[in-house]
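**Q** Chain A is fixed; fit chains B, C, D and E with the ligands onto it per the hints.
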Amino acid sequence: MLELKNISCSYGRMPVVRDLTLKIEEGSTGLFGPNGAGKTTIINAILGLVSLKTGSISFRGIELNKLKTHERVHLGISVVPQERELFPLMTVYENLIVGGQNVPSAREHVEKTLEEVCEIFPILKERFEQKAGTMSGGQQRQLAVGRALMAKPKLLILDEPSLGLQPSIVHDLFTILKDMKKDVSIMVTEQNVRESLRAVDTGHIMENGEIIITGTADELSNNPEVEKAYMGL
Amino acid sequence: MSELRTENLTISFGGLTATNDVNFNIKSGEIVGIIGPNGAGKTTLINLIAGIYYPTSGKIWLDDRDISQIPAHERSALGIGRTFQLIHPLEGLTVLQNVMTGFLFAQKMGLKQAREEARKLCKTLELTGLDRATGEINILETKKMEIAKALATNPKVMFLDEVMAGLNSTETLEAIDIVKQIATERNLAVGVVEHVMGVITKLTHSVIVLDTGRIIASGPYKEVAQNERVKSAYLGGGA
Amino acid sequence: MSSTVQKNKTWPVIFGIVGVIVIILPFFTGPYVQSIGRTVITYMILAISWDMLIRSGQLSFGLAGFFGLGSYAAVLSAVNLHFNPFVSILFAAVVAGLMAFLVGAVVLRLRGMYFAITTLALGEIFRIIIHNWTSVTGGPNGKLLPKLAFDGASIPTYAMMVVFALVIIALSEYFKRSKIHYALTAIRDNEIVAKSSGINIYKYLLIAFTVTAAIQGAAGAGFAQLYGFVTPESSFNANYTLIPLAMALLGGMYSTWGPVIGAVLLGVLGEFLKLYIPYGHLVVYGIIIILVLLFMPQGIVGMAGKLLKKGESHE
Amino acid sequence: MNKKKIYTIAGISAALVLSVILLIIKPTILVYGIQRAGIYAAIALPMALVLGIVHIVNLAHGEMMMVAAYLSYFICTTFGLDPLVAAIPTGIIMFFLGLIVFKTSIAHTLEAPELNQLILTFGVAMVLSQTVNLIATSQPRKISLDYVSASATIGEVSFGIYDFIFPALAAVFLAVLIYFLKKTRIGKAASAVGQNPRGARIVGINVDLTYTIIFSLASMIIGVFGSFFITKFSIFPAVGGTFTMKSFALVAMAGIGNLPMVIGASLVLGLAESLVMSVPHGAGWTPMIFFGLIIIVILSRSFRSKQ
Amino acid sequence: TGQQGEGEAKPIKFGGVWPLGDITGDQAAKAAQLVVDELNANGGLLGRPVELIVIDSELNPEKGAAAIERLATVEKVDFFVGGMSSGVHLGQIPSLKKYKKVTMWTGAASSTAEAAVGEGQDWYFHLHPWDYNQGNSYVEGWDDIAEKYSNISIDRWFLAYEEGPFGSASFAATQTLFADMEIDGEAFQSAAMGGGDYTAVLQRAKDYNPDVFIWAGYGADALPIMEQAKAVNFTPPLFIGAPPGWPSDFGDSSLAENVTLYGMWAPSISKVSAVSKKFQDAYEAKYGETPATYFAPLGYTSIEIIAKAVEQAGSVETEAVIKALKAIQYESPLGETISFSPSNVISNQGFRNQKILQWQNGSQEVIWPFAFATAEPAYPFTR
Ligand SMILES: Nc1ncnc2c1ncn2[C@@H]1O[C@H](COP(=O)(O)OP(=O)(O)OP(=O)(O)O)[C@@H](O)[C@H]1O
Ligand SMILES: Nc1ncnc2c1ncn2[C@@H]1O[C@H](COP(=O)(O)OP(=O)(O)OP(=O)(O)O)[C@@H](O)[C@H]1O
Ligand SMILES: CC(C)C[C@H](N)C(=O)O
Ligand SMILES: [Mg+2]
Ligand SMILES: [Mg+2]
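Residue numbers (the working numbering), protein chains in the order written: chain A, 1 to 233; chain B, 1 to 239; chain C, 1 to 315; chain D, 1 to 307; chain E, 1 to 383.
Since the hints were made in silico from the structure, they are not lab data.
All C-beta atoms in this analysis are idealised placements derived from N, C-alpha and C, irrespective of residue type, glycine included.
Fair warning: there could be bad hints in the mix.
[Unchecked claim] Below, computed lysine to any residue pairings styled on SDA-like, alpha-carbon distance capped at 20 Å:
1. C:179 / B:77
2. E:76 / E:42
3. C:203 / B:111
4. E:206 / D:276
5. D:26 / D:282
6. D:183 / A:111
7. B:231 / A:40
8. E:100 / C:179
9. B:108 / C:201
10. D:182 / A:93
11. A:154 / A:202
12. A:112 / D:26
13. E:98 / C:179
14. C:176 / C:57
15. C:176 / B:77
16. C:147 / E:97
17. A:228 / A:216
18. A:125 / A:94
19. E:206 / D:280
20. E:286 / D:134
21. D:188 / A:133
22. A:182 / A:119
23. C:147 / B:220
24. D:103 / C:155
25. D:182 / A:110
26. E:206 / D:27
27. E:100 / C:151
[As the list claims (entries may be wrong)] Short, incomplete list of chain B residues facing chain A, as computed with Cβ under 10 Å:
28. 37
29. 139
30. 166
31. 168
32. 169
33. 172
[What the hints assert, rightly or not] Anything over 12 Å on all C-beta distances counts as not near chain C; from chain B, calculated:
34. 123
35. 124
36. 138
37. 146
38. 171
39. 182
40. 196
Chain A on its own, in the form it takes in the complex (with noise of 0.2 Å):
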């Protein structure tokens, strides 16, 4: 679905992603790592935020490399930026409406899509009003992954999508991603890798910009190296 051929991204002159290789099948996928191994900037590399000294990018056969970022979300690449980047003085419906209408085959499916992420985020229904910057820090991050999906992505990408919210959204929000993986490709990282091991399909773990361990979720979770790193608390 999305190949990754020998890519390398660096800030000024420090190297943070090396001649990394990754194939992401279509179903779900983590990106396991620590603090620091390249995890967003790999992301952002995927966005066109970030470029490229080396390799290329293709989503479903489309190189990607000459795209814009706006042209590669609309071929169906929807992320939930770590940083959440909402609009702060938007309301909550505000965002999500944004996030539907700018991707031109998710138009027509706003208010059906925006029906089912109220269903998934009940809170972001009951706080239409409110404006984004004001929500909690939790609040906040539901409302990014609700807007990612008003794009009706067909690769949803989320960078550390349970960061900040409580234990019971976190658990839910795993068993959604889980079911929604039928209709949509998912690509997840995390630092701790439980929760989200449940999710997906299959690993990768990186460190330091480099690819270490891949796997199948079950190999990775009784593979002893990753169980002392990252399944910790």
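**A** Using the frame of chain A, we list chains B, C, D and E with the ligands on its own:
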């Protein structure tokens, strides 16, 4: 020995009462967890105590002084320290300079002394590369810087708002140790907001559980976690 | 965005040396260059003062207002109270500073564009009052100064302006190196974080606003002492707001040396272009401003800094 | 919410009472006030769009209006058109001129610190006014039009009625802009772009296109206004300068991003100025009213929002 | 200051400072260059070539002052000419006083500038009338006209003045000069300063019902004021405009007909003055345009009058030239023959009069002084 106490503390934003009649206290040497669902009012409670918001009603006492109407910067000087859930480092300053601000203004030190003290503090937190810009440091370092900034104000009471979020397990364990150590060394009263229950069990003596602005339970985490209301409102099936 | 932290110590030194040369040179070149030099310094002082306030995130459009207020304070005090030139300049600084201090209580509640437009409106209000208060201010015709500083002699007046500039540069550097720097930067970056570190936002904004207004007032007084007159049109001219702003941005914000370099460059460039392109030089001037901004978005100092640690570009 | 309503109702009824009083004492005050307000609103609206939605402080705003006015003037004198007709070609040309200005300069500073756009447009303003000065000299020009002197007489007083075209024009502009922002996709995306360009990209908005269209649309409106401007005013290269600051002031008074309030702010200023000017020897103080009211309105709003 | 003529090759230098971006300064500088060309074509002055160096004042006092410094010390000119705005001039006066070269000023009407120059400055020659000179000449003019045309009544005046120095000074001066008449006035914001709405002023004027309505503003106000006056139905018997220059197309408007104006010069003067005609023809031949403001003939005058004096003195020495200038009778392209005499403060004032003209059939005709009259006044003003 210090004590912070809130008395019927309430704030409404328009129609929404984000903190509702909260009576809460915390004493030196205590580490109290503040938990509850998203939007329960944890950050708002901290903002009220720190003086970012003024309460609609109710009072805040710090050692028998009513501080509920004095401005935030004075509360900081009086000994209320806090970190931010949504981190906004001071981008125009280096890491060291970020940490210095508390020494300079809350503790009213001179530049030279503040610089030395900040260095010392960062050293105890094992935070290095202090001349870097805040955009260049990673999350663990950022979190350490946040804690250092709060400590730099020489707090009697300190609130940590999801400082562990975004750290991996090793780092989280490290952070827990740091917080514990500092709390005992300085005999601090610490309020901790976290959604990772592992952290709460390891770190806190007791917790309060907020839901829609009200305290719905309090006591040691082990007891509270059995509370049905807490389970249904917050923990859910998985925990 | 990239950081604005300046860690390099060699640049101030280099700029300092170049600055000293630029400042000393006119003493050996005659009245024409000295007169250009005085003008450049006037704008330089304004540019530095604007920068000193923007370091707190507050965009002032009130330069011309305090400039004009200061020039009237100087002339009126010299005419009516027979203050000598230096005392009149100090007096003007006090008047402008005091005015800023008084209005600061309300104006400093505002931020961003609201602050900008309110400072502009304040300046206009000073102008309108002075314009209409004919019995005291001479109204639209303005007022003359009975006697110029140093009788207008070229070298001493230039020296006076150089000293003035050095004082302001020193003051700006003091702002950069003292506690004030930490407070203003923190306020610019995030007021809530600043408060939580114990910073009294209002106090530091008031300090910065008052001091920079006093500088602007003194600059206006300097102008009046050099040219011997005030009129509402020339003393409150919008150029005294816009040109220093352009100079500071072109030179590089949040530093002392940015505005200094911007002022020297734009000031000299303007005069140079005029002599060689008598018609249409302002078109070229405008184009140069555009080009510099397009190709050096961080200003000249920022650009130089970047070249120095080359390779470390972002994205 | 409730308080806000009370304020609004109090404000509107105060304005109504004042209007009725004016109407009885001196109807021309009301007439001229509304006409003035129309001019203010019409010129401030495109700035409100650019400033409020895409956060560019366009210091070349007035100069673009000046260029449009000259364009219209030359179209009129060359082809013998009436300025009100020339508004159409002028608007179209200005759309593209805005596009060129944007693409060649402003577009490249969007990632730079916010204030850079301020000085950049300052440079653009300089280039525009000085180029026109070179080509057309500083001598004022004005097309003589009979209809602008159209007058009406009620009882004893005669007053010009042509100027009512400006409030009408402002209303049309506002309607067009509201339609654009509320009903078109680009319009709806625009405020998202203004608040968080990075976030806007992530949700699939073509940020560059949005900026370009908004800026060009604003230029087009400026173009149309420029054509109307020459029916009433003389033009000369410096004519635009004051309109930049006036528009900026009005936008700030209305609240950045609040287009309908631009009309409200203009009415307040127009009526107040008209009132002061009708007082013998009050004219010298009209600018005071302008700036004084701006400060009062901005401050009172800031006090209210803090509560 | 002096320079030793070391031979024929060394040119006599004039230094000019005008606002080149403004039509006044532009045309003054062009007309000044015209004299220089003519002089050189005739073999120069005292056998030496003549040179004119013009620097733009940019309508900015600091720039204007720096220009004087440059001309004095870098270009080492012999004479200063130039000038338009009073504000700029105020900034230049300290520099001019430092060098005390013969200075022939074409602008600055504000008497504040005269006060700044002060008494006893023999080197300072001022061509443009001061504000009070202008006022005086109107009194004189209207007295003459009232005497000659008994049907013209001029007792009740209303003055609309722009609120800048130009208009305010006129109003103050007029009020004192016409103290024996009924006079009222009101300020307006000139279009040149961002205004352009005259309805309030016109309404007040109309209520006052004057015999004479004068507006003192800028060219940009000219046509709009007529249009708005028509809209409010205001038709005073005498409608006078007093801007320093008129818009190029004002005469094309039907509203221009019979509007009276004050001015120092109009192209029509060439009908009665051969000197003016010669100037105008030469200007048109060289620049392909008709001079649009009286600053063109003033700029011409500023150079030629010095050249004449230099010839008479046979030297460029300051003393000698001043002496010759004080004695000169110069027939100017503005029509009148001038000589210098003291005004309120300075000792060498040139022109004192404005002329009273009237728009008739699209051009400005002189109706006073009667010596230059090119037409009879049309009265009363109708529409
Ligand atoms: N804008 C930037 N400028 C300089 N360095 C950066 C920048 N953004 C990220 N980095 C650095 O690049 C490295 C990789 O960062 P990235 O954010 O991709 O990691 P990550 O795996 O997402 O980590 P986390 O779990 O903390 O989000 C880190 O060392 C980080 O400090
Ligand atoms: N300025 C504000 N205006 C309006 N509502 C607000 C404001 N600040 C917070 N709220 C609302 O108040 C409630 C409490 O928010 P708060 O940030 O305290 O929650 P929290 O407990 O910290 O949640 P989280 O775990 O998600 O961080 C939320 O419903 C939030 O939407
Ligand atoms: C008549 C002109 C010379 C007017 C000029 N602006 C002045 O100030 O005097
Ligand atoms: Mg990341
Ligand atoms: Mg929170």
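**Q** Does the structure break any of the earlier hints, and which numbers would those be?
**A** 2, 7, 8, 12, 13, 15, 23, 24 and 37
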